[in-house]
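**Q** Each chain, written out:
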Amino acid sequence: MTETLLEIDDLHVAFDTRAGVVQAVRGVSLTVGRGETLGLVGESGSGKSVTAQAMMGLIDVPGRISGGTVRWCGTPLVGEGVRRAPRNIWGREITMIFQNPMTSLNPLMTIGAQLQEAVRLHLGLRGAAARTRAADLLNAVGISGAARRLDQYPHEFSGGMRQRVMIAMAIASEPRLLIADEPTTALDVTIQAQILELLAELQSQLGLSIILITHDLGIVAGLCHRVAVMYAGQIVETGAVDTMFEQPAHPYTQGLIRSTPLLDACDDRLVAIDGTPPGLLIPPAGCAFQPRCPVATAPCGVPQVLTPTGTGAVACCRAGIDAWKVGAA
Amino acid sequence: MGLPMMSFRPLRSFLSELWQDKAAAIGFAVMVLIVLMAVFAPVLAPEDPATQSLLQRLKPPVWDARGSWDHLLGTDNLGRDVLSRIIWGARTTLTIGIVTCVIAAMIGTTLGLWAGFMGGRTDSVLMRLVDIQVSFPGILLILLVVGVLGPGVWTLIAVLSVTNWMVYARLVRGIVSSTRQMPYVEAAEVIGCRPSRVIFVHLLPNLVSPLLTLLILEFTNIVLAEAAVSFLGFGVQPPDTSWGLDVASGRDYLFIAWWLVTFPGLAIVVTVLSINLFANWLRVTSDPEEREKRFARTIAAKRRRRRAT
Amino acid sequence: MIEFILRRLFQGALVVLGVTATVFVVTRLAGDPVALMLPLSATAEQRAAFSAQIGLDQPIWIQFARYAQDVVTLDFGDSLWQRRPAMEVVLERLPNTALLVATGLGGAVLLSIPMGAVAALRPGGLVDRLTTSLSLLGLAMPQFWLGLMAIMVFSVMLKWLPTSGFGTPAHLVLPAITLALTPLARFTMMVRAAMIDELNKQYVQTARAKGLTLRRILRVHTLRNILVPFLSISGWELITALSGYTVVVETVFGWPGLGLTAVQAIQRGDLFLVQAIVFSIAFMIVVIGILMDVISKLIDPRIELN
Numbered sequence: 000m001t002e003t004l005l006e007i008d009d010l011h012v013a014f015d016t017r018a019g020v021v022q023a024v025r026g027v028s029l030t031v032g033r034g035e036t037l038g039l040v041g042e043s044g045s046g047k048s049v050t051a052q053a054m055m056g057l058i059d060v061p062g063r064i065s066g067g068t069v070r071w072c073g074t075p076l077v078g079e080g081v082r083r084a085p086r087n088i089w090g091r092e093i094t095m096i097f098q099n100p101m102t103s104l105n106p107l108m109t110i111g112a113q114l115q116e117a118v119r120l121h122l123g124l125r126g127a128a129a130r131t132r133a134a135d136l137l138n139a140v141g142i143s144g145a146a147r148r149l150d151q152y153p154h155e156f157s158g159g160m161r162q163r164v165m166i167a168m169a170i171a172s173e174p175r176l177l178i179a180d181e182p183t184t185a186l187d188v189t190i191q192a193q194i195l196e197l198l199a200e201l202q203s204q205l206g207l208s209i210i211l212i213t214h215d216l217g218i219v220a221g222l223c224h225r226v227a228v229m230y231a232g233q234i235v236e237t238g239a240v241d242t243m244f245e246q247p248a249h250p251y252t253q254g255l256i257r258s259t260p261l262l263d264a265c266d267d268r269l270v271a272i273d274g275t276p277p278g279l280l281i282p283p284a285g286c287a288f289q290p291r292c293p294v295a296t297a298p299c300g301v302p303q304v305l306t307p308t309g310t311g312a313v314a315c316c317r318a319g320i321d322a323w324k325v326g327a328a
Numbered sequence: 000m001g002l003p004m005m006s007f008r009p010l011r012s013f014l015s016e017l018w019q020d021k022a023a024a025i026g027f028a029v030m031v032l033i034v035l036m037a038v039f040a041p042v043l044a045p046e047d048p049a050t051q052s053l054l055q056r057l058k059p060p061v062w063d064a065r066g067s068w069d070h071l072l073g074t075d076n077l078g079r080d081v082l083s084r085i086i087w088g089a090r091t092t093l094t095i096g097i098v099t100c101v102i103a104a105m106i107g108t109t110l111g112l113w114a115g116f117m118g119g120r121t122d123s124v125l126m127r128l129v130d131i132q133v134s135f136p137g138i139l140l141i142l143l144v145v146g147v148l149g150p151g152v153w154t155l156i157a158v159l160s161v162t163n164w165m166v167y168a169r170l171v172r173g174i175v176s177s178t179r180q181m182p183y184v185e186a187a188e189v190i191g192c193r194p195s196r197v198i199f200v201h202l203l204p205n206l207v208s209p210l211l212t213l214l215i216l217e218f219t220n221i222v223l224a225e226a227a228v229s230f231l232g233f234g235v236q237p238p239d240t241s242w243g244l245d246v247a248s249g250r251d252y253l254f255i256a257w258w259l260v261t262f263p264g265l266a267i268v269v270t271v272l273s274i275n276l277f278a279n280w281l282r283v284t285s286d287p288e289e290r291e292k293r294f295a296r297t298i299a300a301k302r303r304r305r306r307a308t
Numbered sequence: 000m001i002e003f004i005l006r007r008l009f010q011g012a013l014v015v016l017g018v019t020a021t022v023f024v025v026t027r028l029a030g031d032p033v034a035l036m037l038p039l040s041a042t043a044e045q046r047a048a049f050s051a052q053i054g055l056d057q058p059i060w061i062q063f064a065r066y067a068q069d070v071v072t073l074d075f076g077d078s079l080w081q082r083r084p085a086m087e088v089v090l091e092r093l094p095n096t097a098l099l100v101a102t103g104l105g106g107a108v109l110l111s112i113p114m115g116a117v118a119a120l121r122p123g124g125l126v127d128r129l130t131t132s133l134s135l136l137g138l139a140m141p142q143f144w145l146g147l148m149a150i151m152v153f154s155v156m157l158k159w160l161p162t163s164g165f166g167t168p169a170h171l172v173l174p175a176i177t178l179a180l181t182p183l184a185r186f187t188m189m190v191r192a193a194m195i196d197e198l199n200k201q202y203v204q205t206a207r208a209k210g211l212t213l214r215r216i217l218r219v220h221t222l223r224n225i226l227v228p229f230l231s232i233s234g235w236e237l238i239t240a241l242s243g244y245t246v247v248v249e250t251v252f253g254w255p256g257l258g259l260t261a262v263q264a265i266q267r268g269d270l271f272l273v274q275a276i277v278f279s280i281a282f283m284i285v286v287i288g289i290l291m292d293v294i295s296k297l298i299d300p301r302i303e304l305n
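Residue numbers (numbering that gives the first Met the number 0), protein chains in the order written: chain W, 0 to 328; chain B, 0 to 308; chain U, 0 to 305.
Note that these hints are calculated values from the structure, not bench results. Virtual Cβ for every residue (Gly too), placed ideally from N, Cα, C. Hints should not be assumed to be uniformly reliable.
No more than 16 Å apart at the CA atoms, straight line, and that leaves these computed lysine to aspartate or glutamate pairs for EDC-like [unchecked claim]:
| no. | chain 1 | residue 1 | chain 2 | residue 2 |
| --- | --- | --- | --- | --- |
| 1 | B | K301 | U | D127 |
| 2 | B | K292 | U | D299 |
| 3 | B | K292 | W | D59 |
| 4 | B | K292 | U | D77 |
| 5 | U | K200 | B | E288 |
Sample of chain B residues lacking proximity to chain W, with all beta carbon distances greater than 12 Å (derived) [said to hold, decoys possible]:
| no. | residue |
| --- | --- |
| 6 | H201 |
| 7 | L206 |
| 8 | E291 |
| 9 | A295 |
Could you build the full structure based on these sequences and the hints that come with them?
**A** See below:
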């Protein structure tokens, strides 16, 4: 494996609510290597976005990091004993784009001003040089007429265009890792494809690592090298994309794949996973997927540990059984 | 909805949540005390507020060397007991405030419901009327009207009601017209609910809590306005008592009898402040989202403090 | 833009018309101007002569027409009390009120923004709770009482500042502070609430993800975004100050501005002067409203002026 950039170790994030403490992320460990694209997959509420925010230091009241560490090239960013994260990593080495491009830009500042803010801060360019650089960035993400568009406000851009601006802003500092939190969820399907293509292009041009957070397995299949599947605040399975799509080990991963319409695997009928994810106010002691799992047995009531397999790891004592065929039979 | 209602259990949970916020709890307690003071003024007040006594003029409060237990807060230039006047003043203030708020709220709510429900032309005409009246020069116009019609409690109530209904109309109209576009109300109309049912089942429940909060906040505005107008000599007239009036009459003795201005004014401050503290809490509590945020902040603050020590 | 201003001017004209009509109705129909303006000792002949002199013997619609004409030509007649044109008195007193309001509100604006912003940085923290409590206290204090207490403490007991009057900068201190306190409290609460709201928005996350410091985000991003609501509330406070605060504060401190003059004119039954003052303040309110809308549009390009 290549040089490790980001390393998350046993991350816990909790939210204080009137009803009690919600354990949104419960012991997530991940690594991202140089030039690698990692897909972080799960349904809404599985804790994938919260994990991403924790990586960027964006967890705010009512949330808090309740355990674990995040390290960048060995330097701790988040965790026990880190009072203030080292400067010039967030926003420079690691950048992030968000789900909803409609609200991600400041509506009262021109696109140019917002781009130049990043350029000034991270590249130290001023005045005309900053403006030229901002225009170059817009060109790089495929926005034509950059010079004119710099003076426009976000409301004069379409959703797809705004996401391009967000990407331009995110690559302004020539980062090594880009976290993309559901970057295409709010966009039309045709625009989605364009944005994903842009991300892939930038990755090969700039040698960027990407963490792609999504609930859409189709996107993962097209773009990622490795996948981590999250369920109820935990990673239940990781592995190389190809292996995981061919031989998903965890019943939940199997269910996810079977419930996703994939163009090249349309011989099976789609199968829905019955039930809903558990509430995380009082997280289940054992396997969180147990209540919905067709092959659950008694040992599933004890905590499941990620165990290495050939190409990845899985947290399931019944791993490898073709859960949904058995269940359907 | 977080408001104290009918049965015993909601009242208990209301009180226990209120207790969490000390400032609001104190505000609520003081509010209740002031209301009791106004209701039982004849029993509580040691003397008649209008009884003059030339021998007892300008006595300082009891803790002053020249003070006496006969007049806890001293006496004014006509020998009237300051404490008794403050207790009776609560009556005037609360009565004017409540009556005015209720009248203004009734006018405003009716017009707001009408505008929001009818929409179209009625709506725009009514709201234009609100816009215009909102830009009227407030107190100045009140003074003019009172100056011409002659001062008095009922003139004051009438004028304050007519100049304060607009906020209610705006609030009600805003909620009604936005709620009407909610899918569940549209659905109710599509399946053929009668307008009265739509109003009572779907619209009114959305109005109760914001209206109540607004009513409480507006009440403090009326208290302050009444005090100011009475202070200027255009409101409550002697022999009636009013805190604003007492501050005005104490003004001439500012150099020799500090207690005459201080205590009636403090009564106003304490009343308005306690209501504001409670209303502020109530506003947050009746909004589930804000309530959740407040909880999170309290927890976060506690955690910070623990870490600091 | 031009069309918008014209439309607002039309609406403003409606406001001024509404105010003048109210004044007309109140003074001519509900009250008896002659009784109000002449002393009780005036004889019947004197009353009749005065009534004819100011046109009260005419039918009501002619009276209104003449009154409307007065309004349009800005000629409100002579003040009975000052024995000179009412408009002249207004123009003479107006700068004093303007000075007081500008100092007081200006100070409140300048102080409230940092105070509200600091409180918003850590909602529920010590600074926040202190600021909020002080603001609530400020909102609970009637200005007339605050002014008198200030006189008592700073003029009578400490003898630092003059009790009342006009002329030197020292005379301005207490009235300006008294006038400023309520708006200061209201502005601070507003800035705090709006800042908290803004800081929770997605674009702030973007700015943080860019690596900007919280201070820069406050200064460059959120401050700009709360400016529009702040502007509208300060316009509102300006209007309230002109038509309410100044009346009280000027009376307490004997400050020779429009507010004090209005109170004195009403007490003396000087209807012409009162009309002139009410009209000028209504006019200023309308102009302020239009200015606020235009400035908002300049700050926020998304606002459609309709």
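**Q** Taking the earlier hints as the rules, which of them does this structure contradict?
**A** When the structure is compared with the hints, numbers 2, 4, 8, 9 turn out to be violated.
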